[in-house]
Amino acid sequence: MTTIQVPAWLPTEPELEVTEASSAILTDVRAAATAVSDVAEWARANGAPADFSGDAAEAADHAVTRFATDTDAVSAALERGALAIDRFLTQMRQRRAEREELMERRQSLNGHRESLLSRIETATEDQVPGLQAEAAQLRSRFDAYHKDLRTWRDRVDDNERAAVRALGAVDQLAEGLAAAKDSSRADTDALAAELRRLGTDTDAVNSWWNGLSQAERNALMISDADLVGNTNGIPTGDRHEANTSAVQRDIEYLLGLQASGQELSASEQRWLENARSIELAVANAQSIQFADLGVNAFVMAYQPHAFGGDGIAAVAYGDPDTADHTAVYVPGIMQDGTQIDENGNQALNLYEETINQMAAEDPPRAGSVSTIAWIGYDSPNFNPESKMPWDLIDSGGDVGHTVTEAHAQAGGIALSQFVDGINSTHTGGDQPHLTVIGHSYGSTTSSYAAAAGMDADSLVLIGSPGASEGVHHVSDLNMPAGQVFVGAADNDPVSWLGGKDGVFPGTWDDSLGLGADPAQNDFGAINFAVDNGQEFHGPGLVTTGFMENHTSYFDDPDPARGHTNEAVVNMANIVSGNTDAVVDTGGRTQEAHDYLYDWVGGEVEHHVVQPVIDTYNDVHDGVVETYEGVRDEVVETYEGVRDGVDDAVDGAKNAWDDLWPDRWP
Amino acid sequence: MGTVFAMRTTLTILWLAALLVGASACSTGSDEVSPQDREKQVVGAVTEAVPLVEQALDATQVTIGGGWSSCPSGVGHVYSGGGTISAPAGNRDAQLSAVRTALTDAGFEEGTLVEGHVSVSRDEVGMDFTPSAARGPGAWAVSFKGPCKRYGGDDEQYVQDQNLEGERTLLP
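These protein sequences, in sequence, are chains A and B.
Going by our numbering, the letters in the first sequence line up with residues 494 to 1158, in that order.
Going by our numbering, the letters in the second sequence line up with residues 46 to 217, in that order.
Treat the hints loosely; a few may be bogus.
[As the list claims (entries may be wrong)] Away from chain B, derived, C-beta distances all over 10 angstroms, residues of chain A:
hint, residue
1, Leu666
2, Pro856
3, Glu1059
[Claimed, not checked] Quick look at which bits of chain B chain A covers, simulated, 3 or more residues with Cβ under 8 angstroms:
hint, region
4, 81-88
5, 96-110
6, 120-129
7, 139-149
8, 176-188
Hint data in this document are derived by calculation from the structure and do not stem from the laboratory.
Using N, Cα and C, we set each Cβ at its ideal position, and we do this for glycine too.
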């Protein structure tokens, strides 16, 4: 009897229990380590100096000094622990990738086995030698697979043992004290000083950071999480880890205060709002609404105390270090760090639309995308919940003081540096295709950045109150030719503010405001179609004009309010570089201020003149009714009265027309 | 100096717009119903519409969530959300037509303004359905939104607390 030895079917290997989600443990440990490191630093600063001696010093500082030593030991232990976990997670990430390869091999080998078996079943005698040879070759491949699988399992076991050993090596105070005194421990003071010295040279920062050991990077992320998380040029993943630790540290601290019965001060409350908003911005990527996009969120900036507590925040959807196409969305008026979650949702919408537009191309285009919501400047901020006069004064002061040339320029510089950082950290030796999208006052800030030489490929100005002072034409923005795009809804009142002249020409105001209206045809940008929004009157200035027309550029279609999504579709095509799909509508031929004058004129007509005429008509009708029952003499009197009133109303209307012509002033 | 004055003038208008919001809570966007009733209105419309779409597409999976959040302007709150309907791939135009018919037959008001979408509304609730390659083959993105409204007192506390709670699952 002829036998052909076919290897046994290969079972699947169970998935590793350590997944990407397990990195939450590292975040927890880093947050704890950062908090302890902060306490240790405080204790060191308040304990006895190393060369201080004597009874009085002993009595005064002994306890604090000992506390400083102990907390430093805990800090060193947590630092080692975090490093061990970080290494373990990195190793597990590699092991998961290796397992995927092994399972693909397994599937292929099982497929060959099935094919061989089916051919054996129908084989003729003369085919047997060939099949035996094929089976021998397959057995050899199966043996190699088994060997590689065993090696892989051993590697997993080794990694686990090493992690447990590393954690066990610092689970006693004495071991922590030893770790704190270890001469090989990273000198985080020196590392932080060097990072500060490199400052805004993002290429130098990136090169220096990548030259550090994993232990040094880990130690610095713990000791100076705020510095690492907010320095442009540090890779996005590391910024995210440092910032996430800081966010968690802050939330735990502030909720701890509340839990202890302490009422948070106004600044602490604002601090908590900042922390929770960015936590929510990250969570939104995994929300039911967006989870199926499968996109990761990265915290690229978190400074809750910046700008008097307004805060700095930035969140990326998709890793900009590896993305083919990156967009930086710069929100405008009324936005601060406490609203990064809502702005993050706008960025998520843009992310999805960009992928969808690329998929809709013929043929469909592949490519990775990252969209970033960046609130890294002091946007004109106003507390809309203000009810008390002193709150209004405070909020008004915030607006009045932040919207100055200096602050707008500072915002432009900060944006330009942020963009430099993205260009520096992009892997693969090239820069990403990068678009900056400025909305509202963010468009003015973005224009400042562009005019000063921001290193972006495309610029979008949407709902703009002006393209910044000194910018009169698209060529002043120093962007590549044909890469400045503008969208402005006719019924967006913020877009009525830009102009070559002030709002009141011929007066002391006859100079530039926030700059020229970039939507003007003669500005020279490419104007794309947007939903023009609904007309509005009176309080509708806020509810419809501002809350809807000015803020719906990133939204999905909304039939209840009659909005389309033309703006986000066009922006998506710009972000992906498919600018041929963006049709130039030609832009406005009517001055932006004219929209404002027309609206104000219409409002006065509607609220002042029309009521006078309506009142007159009511009187008129009443008199006519009375007239029908009175004598002829009275008719004469009535006609006199009526003519008099008619003359008065005509006079008022003429006076009004003189005062308020079609184009005021 | 002229520039500074010009800035002030322009800003005055911006500021006044914002001031209106803060000072006139009664007249600018305050909701005439409680947030709980507003939430019921939105959730009711969504939980009626989505199963109709699910059926029209012969969908295999539906995940829809919603919750309170601040409006994009930072003024007022809105109940909104969305999710994914997973369905077998098919003729896109036929699917869009089937979805539209299912919804309008049930009394939802047709409001589609964009090709490749089906948009409907009921009262002040807008809903949009569109195939989304970004969510995978056969996936449809769902989004919905109530009106942006301002709330005061306990109502404001309610929407802020709900905002912190995050979204909740509406379907399945």
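For each hint, the structure was consulted:
Annotated as non-interface, Leu666(A) keeps its C-beta farther than 10 angstroms from every C-beta of chain B; the closest such distance is 38 angstroms. The claim that Pro856(A) lies off the interface holds: its Cβ sits roughly 13 angstroms from the closest Cβ of chain B, which is beyond the 10 angstroms cut-off. The non-interface label for Glu1059(A) is inconsistent with chain B: the shortest C-beta to C-beta separation is roughly 8 angstroms, within 10 angstroms. Coverage of the region 81-88 of chain B by chain A is violated [criterion: at least 3 residues with CB-CB distance below 8 angstroms; count 0].
Residue count for the region 96-110 of chain B with a Cβ under 8 angstroms from a Cβ of chain A: 3. That meets the three needed, and the coverage hint holds. For the region 120-129 of chain B, the assignment as covered by chain A holds, since 6 residues bring a beta-carbon within under 8 angstroms of that chain's beta-carbons and 3 suffice. A stretch counts as covered by a chain when three or more of its residues have a beta carbon under 8 angstroms from one of that chain; for the region 139-149 of chain B and chain A the count is 0, and the coverage is violated. Chain A is given as covering the region 176-188 of chain B, and this holds because 8 residues of the stretch bring a CB closer than 8 angstroms to a CB of that chain, at least three being needed.
Violated hints, in rising order: 3, 4 and 7; the structure is consistent with all others.
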